[in-house]
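S.K.: Please construct the entire structure, taking both the sequences and the accompanying hints into account.
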Amino acid sequence: MDGIELLEGSAATKRGAPEMPPPLPPPAPSDSTPAPGSVFQPASRNHGRPWIWSTAAGLVVVAAMLVGILSITFVEGLGQFWPSRIVELRRQDGSILLGEVRDRGEKQLPGRNTHIGRRLLRVGHREVTGSNDFLWVDDLDVAAESFPRDAWVVDRSEYGRLYGTLGAVKGAVSISEALSRGADLRSRLEAVRDEMNIARDRSQLASLEKRRKELEAEGSAITIEWRQSDGSVVLTPAVNVIGAWAPNSMGVFAKLGHYLTQAWQFVSTRPRESNTEGGILPIIMGTLFLVVVMTLAAVPLGVVAAIYLNEYAREGRLLQLVRLAIANLAGVPSIVFGIFGLGLFVYTIGAGIDRAFFADRGHPTFGTGGILWGALTLALLTVPVVIVAATEGLRSVSQASRDGAMALGATRWQTIRHVVLPQAMPGILTGMILAIGRGAGEVAPLMVLGAAVKLAPQPLVDSAFPFFHLDRKFTHLGFHIYDVSMQSPNVEAAKPMTYASTLALLLLVLALNLVAIILRNRLKKRFRGSAL
Amino acid sequence: MKLNGRFWLSALLGSSVATVAVLADSTDAVKVDDSIAKYAKVDGVRGNVNVVGSDTMVNMSTLWGEEFKKIYPEVNVSVEGKGSATAPPALAAGTSNIGPMSRPMKPEELDTYTSKKGAKPLEIKTSIDALAVVVHKDNPLANLTLELVDAIFSKTRKAGYTEDITTWGQLGLTGDWANKPISLYGRNSASGTYGYFKEHALAKGDFKSSVKEQPGTAAVVQGVAEDLYGIGYGGIGYITPGVRAIPLAKTFSDKVFKPTYENALSGKYPLARYLLVYIDNPPGKGPDAVVREYVKFILSHEGQEIAVKDGYMPLPPAIVAKELEKLNK
Chain A
142 MDGIELLEGS AATKRGAPEM PPPLPPPAPS DSTPAPGSVF QPASRNHGRP
192 WIWSTAAGLV VVAAMLVGIL SITFVEGLGQ FWPSRIVELR RQDGSILLGE
242 VRDRGEKQLP GRNTHIGRRL LRVGHREVTG SNDFLWVDDL DVAAESFPRD
292 AWVVDRSEYG RLYGTLGAVK GAVSISEALS RGADLRSRLE AVRDEMNIAR
342 DRSQLASLEK RRKELEAEGS AITIEWRQSD GSVVLTPAVN VIGAWAPNSM
392 GVFAKLGHYL TQAWQFVSTR PRESNTEGGI LPIIMGTLFL VVVMTLAAVP
442 LGVVAAIYLN EYAREGRLLQ LVRLAIANLA GVPSIVFGIF GLGLFVYTIG
492 AGIDRAFFAD RGHPTFGTGG ILWGALTLAL LTVPVVIVAA TEGLRSVSQA
542 SRDGAMALGA TRWQTIRHVV LPQAMPGILT GMILAIGRGA GEVAPLMVLG
592 AAVKLAPQPL VDSAFPFFHL DRKFTHLGFH IYDVSMQSPN VEAAKPMTYA
642 STLALLLLVL ALNLVAIILR NRLKKRFRGS AL
Chain B
118 MKLNGRFWLS ALLGSSVATV AVLADSTDAV KVDDSIAKYA KVDGVRGNVN
168 VVGSDTMVNM STLWGEEFKK IYPEVNVSVE GKGSATAPPA LAAGTSNIGP
218 MSRPMKPEEL DTYTSKKGAK PLEIKTSIDA LAVVVHKDNP LANLTLELVD
268 AIFSKTRKAG YTEDITTWGQ LGLTGDWANK PISLYGRNSA SGTYGYFKEH
318 ALAKGDFKSS VKEQPGTAAV VQGVAEDLYG IGYGGIGYIT PGVRAIPLAK
368 TFSDKVFKPT YENALSGKYP LARYLLVYID NPPGKGPDAV VREYVKFILS
418 HEGQEIAVKD GYMPLPPAIV AKELEKLNK
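Protein sequence lines correspond, in order, to chains A and B. Using the numbering used here, the first residue of the first sequence is number 142, and each one after it goes up by one. Using the numbering used here, the first residue of the second sequence is number 118, and each one after it goes up by one.
By construction, these hints were calculated from the structure, which means they are not laboratory data. Since the structure is predicted, the reported quantities are computational estimates derived from the model, not experimental observations. Just to be clear, a hint being listed does not mean it is correct.
Stated by the list, open to error - Distance condition first, Cα-Cα at most 16 Å in a straight line; then the derived EDC-like pairs of lysine to aspartate or glutamate:
{"#": "1", "chain 1": "B", "residue 1": "186", "chain 2": "A", "residue 2": "335"}
{"#": "2", "chain 1": "B", "residue 1": "237", "chain 2": "B", "residue 2": "255"}
{"#": "3", "chain 1": "B", "residue 1": "148", "chain 2": "A", "residue 2": "331"}
{"#": "4", "chain 1": "A", "residue 1": "351", "chain 2": "B", "residue 2": "191"}
{"#": "5", "chain 1": "A", "residue 1": "354", "chain 2": "B", "residue 2": "160"}
{"#": "6", "chain 1": "A", "residue 1": "351", "chain 2": "B", "residue 2": "160"}
{"#": "7", "chain 1": "B", "residue 1": "187", "chain 2": "A", "residue 2": "299"}
{"#": "8", "chain 1": "B", "residue 1": "186", "chain 2": "A", "residue 2": "331"}
{"#": "9", "chain 1": "B", "residue 1": "325", "chain 2": "B", "residue 2": "281"}
{"#": "10", "chain 1": "B", "residue 1": "275", "chain 2": "B", "residue 2": "323"}
{"#": "11", "chain 1": "B", "residue 1": "186", "chain 2": "A", "residue 2": "299"}
{"#": "12", "chain 1": "B", "residue 1": "158", "chain 2": "B", "residue 2": "343"}
{"#": "13", "chain 1": "B", "residue 1": "223", "chain 2": "B", "residue 2": "316"}
{"#": "14", "chain 1": "A", "residue 1": "248", "chain 2": "B", "residue 2": "293"}
{"#": "15", "chain 1": "A", "residue 1": "354", "chain 2": "A", "residue 2": "335"}
{"#": "16", "chain 1": "B", "residue 1": "187", "chain 2": "A", "residue 2": "331"}
{"#": "17", "chain 1": "B", "residue 1": "237", "chain 2": "A", "residue 2": "336"}
{"#": "18", "chain 1": "B", "residue 1": "186", "chain 2": "A", "residue 2": "268"}
{"#": "19", "chain 1": "B", "residue 1": "187", "chain 2": "A", "residue 2": "335"}
{"#": "20", "chain 1": "B", "residue 1": "187", "chain 2": "A", "residue 2": "355"}
{"#": "21", "chain 1": "A", "residue 1": "248", "chain 2": "B", "residue 2": "316"}
{"#": "22", "chain 1": "B", "residue 1": "187", "chain 2": "A", "residue 2": "268"}
{"#": "23", "chain 1": "A", "residue 1": "248", "chain 2": "B", "residue 2": "343"}
{"#": "24", "chain 1": "B", "residue 1": "187", "chain 2": "A", "residue 2": "357"}
{"#": "25", "chain 1": "A", "residue 1": "248", "chain 2": "B", "residue 2": "191"}
{"#": "26", "chain 1": "B", "residue 1": "223", "chain 2": "A", "residue 2": "357"}
{"#": "27", "chain 1": "B", "residue 1": "158", "chain 2": "A", "residue 2": "350"}
To be verified - Counterexamples of contact, computed for chain A against chain B with all Cβ distances above 12 Å:
{"#": "28", "residue": "311"}
{"#": "29", "residue": "326"}
{"#": "30", "residue": "362"}
{"#": "31", "residue": "494"}
{"#": "32", "residue": "553"}
Said to hold, decoys possible - Now the stretches of chain B that chain A is said to cover, found in silico as 3 or more residues with beta-carbon under 8 Å:
{"#": "33", "segment": "383-393"}
{"#": "34", "segment": "418-430"}
The C-beta atom is built at its ideal place from N, Cα and C for all residues, glycine as well.
M.R.: Printed below as a string of structure tokens:
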């Protein structure tokens, strides 16, 4: 049997001819040189197809999981901003319920094999309903159902939503004027509070306090009345109304506009009511900051280490050991890094800085988990990934490039700096992308450090010197997702928040990666051709 | 004993019919007593309030923090809630100055704290929780005693019931339910709720290893709401319409009581407890000004309303007065 025959045989397999598999060729004598076509191993002709199928199946499973997770997150995360209809249910006992249907289900009647439908209604008005503004209503209990056009949803800054019809507006000509003036006052009040937070001067504080009182008085002058389904009237100061809309009388475009406003508010405002409502702006900022500081720490460190390992260190047993250790470090559970970071950064370095510089403060400044320690711990966690990827990048630079540079009289450092590093840049950026991917999703070490908290004391960026406050605690999107799904007082109400936050985290990581990928592709283009 | 229990059960269950899913009884509006004074702002309060401790109280702490920050924008409040067991070490290390706990400090925790700080911390009652035993909203179970709860959750059964309870039939449920296994949900050991439940419901016995330990009470409630045959426990503030809180009796010879405000106040509901905060109390100096104001805010009308908003129960005026007095000593 010679090479040509083998080639023909494999070509036949490629065409998908349904012939019987040809008999196994006799094993080639070990001393003979392989025939030119022997890359097409005959054995693969017999076993290749199941392998191809199983690889395809593997890909399908992975793709299905990805699509599944992404579509659930997208549908649930984006769906919550759409204004859903308000339903009015008249129950058998004559009472009326007004609210949004949030879920549907069935229950089995006891002792019988029949199922009846029921729905989960969000009825709002937490002052009266307690911490729970949700209610399961059996379909059998519903006597009549309607969608009143004059029903409003009122989103308030406290005690959740309210459902009712619009009553009298005081202090403003129309509801829309009341709402816009309320929003204006709210943002001014927030700005005053922020200024008070960083004001150091007593007289300045006093004047701010005066302004705050004026704004509050102005705010309480504008009120809106809402009539509820049980006939009671609720009076809300306009400054406490985040938004009010009548979804049943909205057209598609009005709904779309509302949708976009709601989505914008979600990413541009602060959380309220123990993080179960409002937006996630500070949380996005915290995550972004953390990842940026982590990358700034991890990438240079990893690249420097990789350069030494690849360019300077002498091959030998020690180097092999170091390489092995680095590879293993990448597999250490993140919680271990968290504990290590707590011991090193918080208890040792942080406490030392406090003793040296902030002894008069009486409370720990750096001796407690802040964003800097969080970012450095995550940097330790991701540095092995960067080293491995950067080493690969350095190895891909041809020896000829190095020799050429040296032959022209460049020193070793000049060679690395001007010839090797630029060409290895795509590999280094790959390391950065991997590091961002791993670091952005890590929450466990941050919780161990106490860096990610439910309520962060101050924003990471403000107008007080030094503007970026690396010692402060922050809220991380991953932690926020954990918190709203595991610790929020009403898990039912927090579901949309969970999905929307998950979506935000996915998009944030995607955006960060995109930046790195675009950068890498540009660099690759630049060195195409010249590197070889 | 066993026979006694069975008889008692069937007598009570005889009247149990389909339970219409309504708002949990316990969430009927509770009012804060009007004689509790409103909070009055004090001048010159600055500094940081760092809250580290109970998960049961984490939302209440955050709500208090948010409101306190509205009154004093110049104060910084941070809140972390990973479990009551994290409160004493954080207080001792100075990384926090408010330690919310859903159970009192243990003697060894107090010792460690005292040896580090040189004085005992101040314990302040903030609100009342009726720790609820919850089942799926469609579960027809009418009520339980602590002996039965112990036999359901514990492998040591120290409360006295001899039989190990693993199916709903053993609790007197019939039909489809009779041979369905009970699926257990609980908290992890960092939790004060875990500790309190272990001490008061399991008579300090051990949990079964089949208890699915959750990192937060909301997760317990979520688990039970999704699992028709589930049972779990947690602070009353976490109850959702997907679950129902079971009325409890201390022993078979006692009456059963719902986890309502009256029953918790009178001590009739067997698992009612105070939710506490611990603060530093250096001898001679007393608590920091900002910490003192924070605690005063918790004990004000507004602070108590926040407790109600989060689903817990406010303190009666007499206890508020007593707790405020502690601050001035």
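S.K.: Taking the hints in turn, state whether each one holds.
M.R.: Hints versus structure:
Distance restraint check for residue 186/B and residue 335/A: the Cα-Cα separation of roughly 10 Å lies within the 16 Å cut-off, and the hinted pair is therefore satisfied. Distance hint between residue 237/B and residue 255/B is unfulfilled; the C-alpha atoms sit about 47 Å from each other, more than 16 Å. For the hint pairing residue 148/B with residue 331/A, the CA-to-CA distance comes to about 30 Å; that exceeds 16 Å, so the pair is violated. Of the pairs offered as hints, the one joining residue 351/A and residue 191/B holds, with about 14 Å between alpha carbons and a cut-off of 16 Å not exceeded.
Annotation: proposed proximity of residue 354/A to residue 160/B holds, straight-line Cα distance about 15 Å (limit 16 Å). Our distance criterion of 16 Å between C-alpha atoms is met by residue 351/A and residue 160/B, whose separation comes to about 13 Å. For the given pair, residue 187/B sits about 13 Å from residue 299/A by alpha-carbon distance, which is consistent with the 16 Å threshold. Distance check on the hinted pair: residue 186/B and residue 331/A sit about 11 Å apart at the alpha-carbon level, within 16 Å; holds.
In summary, the hint linking residue 325/B to residue 281/B is supported, as the alpha carbons are separated by about 11 Å, within the 16 Å threshold. Distance check on the hinted pair: residue 275/B and residue 323/B sit about 9 Å apart at the alpha-carbon level, within 16 Å; holds. With a C-alpha separation of about 15 Å, the suggested pair residue 186/B and residue 299/A falls inside the 16 Å cut-off, and the hint holds. Taking the CA atoms of residue 158/B and residue 343/B, the gap is about 45 Å. The hint is violated against a cut of 16 Å.
The suggested pairing of residue 223/B with residue 316/B holds, with an alpha-carbon distance near 12 Å, which does not exceed 16 Å. Of the pairs offered as hints, the one joining residue 248/A and residue 293/B holds, with about 14 Å between alpha carbons and a cut-off of 16 Å not exceeded. Our distance criterion of 16 Å between C-alpha atoms is met by residue 354/A and residue 335/A, whose separation comes to about 15 Å. For the hint pairing residue 187/B with residue 331/A, the CA-to-CA distance comes to about 9 Å; that is within 16 Å, so the pair holds.
Restraint check for residue 237/B and residue 336/A: not satisfied, since their Cα atoms lie roughly 37 Å apart, outside the 16 Å limit. Distance check on the hinted pair: residue 186/B and residue 268/A sit about 22 Å apart at the alpha-carbon level, beyond 16 Å; violated. Of the pairs offered as hints, the one joining residue 187/B and residue 335/A holds, with about 10 Å between alpha carbons and a cut-off of 16 Å not exceeded. Taking the CA atoms of residue 187/B and residue 355/A, the gap is near 15 Å; set against the 16 Å cutoff, the hint holds.
Note on residue 248/A and residue 316/B: the hinted pairing is violated, with a Cα-Cα distance of about 36 Å set against a maximum of 16 Å. Proposed proximity of residue 187/B and residue 268/A is contradicted: the alpha carbons are some 20 Å apart, above 16 Å. Between residue 248/A and residue 343/B the CA atoms are separated by roughly 13 Å; this keeps the pair inside 16 Å, and the hint holds. Annotation: proposed proximity of residue 187/B to residue 357/A holds, straight-line Cα distance about 12 Å (limit 16 Å).
This hinted pair does not check out: residue 248/A and residue 191/B have alpha carbons roughly 52 Å apart, beyond 16 Å. As the CA atoms of residue 223/B and residue 357/A are separated by approximately 45 Å, the hinted pair breaks the 16 Å bound. Restraint check for residue 158/B and residue 350/A: satisfied, since their Cα atoms lie roughly 12 Å apart, inside the 16 Å limit. Against chain B, the non-interface label of residue 311/A holds: every CB pair exceeds 12 Å, the least being about 24 Å.
With 12 Å as the threshold on Cβ separation, the claim that residue 326/A sits away from chain B holds: the shortest Cβ distance comes to roughly 14 Å. For residue 362/A, the shortest C-beta to C-beta distance to chain B comes to about 19 Å, beyond the 12 Å cut-off, and the non-interface label holds. Every C-beta of chain B lies more than 12 Å from that of residue 494/A, the closest at about 15 Å, which supports listing it as non-interface. Residue placement check: residue 553/A keeps its beta carbon more than 12 Å from all beta carbons of chain B (closest about 48 Å).
Taking a C-beta to C-beta cut-off of 8 Å, the segment 383-393 of chain B contributes 0 residues in contact with chain A, too few for the three needed, and the coverage statement is violated. Counting residues of the segment 418-430 of chain B whose beta carbon lies closer than 8 Å to any beta carbon of chain A gives 4, which meets the minimum of three for the stated coverage.
When each numbered hint is compared with the structure, violations occur for hints 2, 3, 12, 17, 18, 21, 22, 25, 26, 33.
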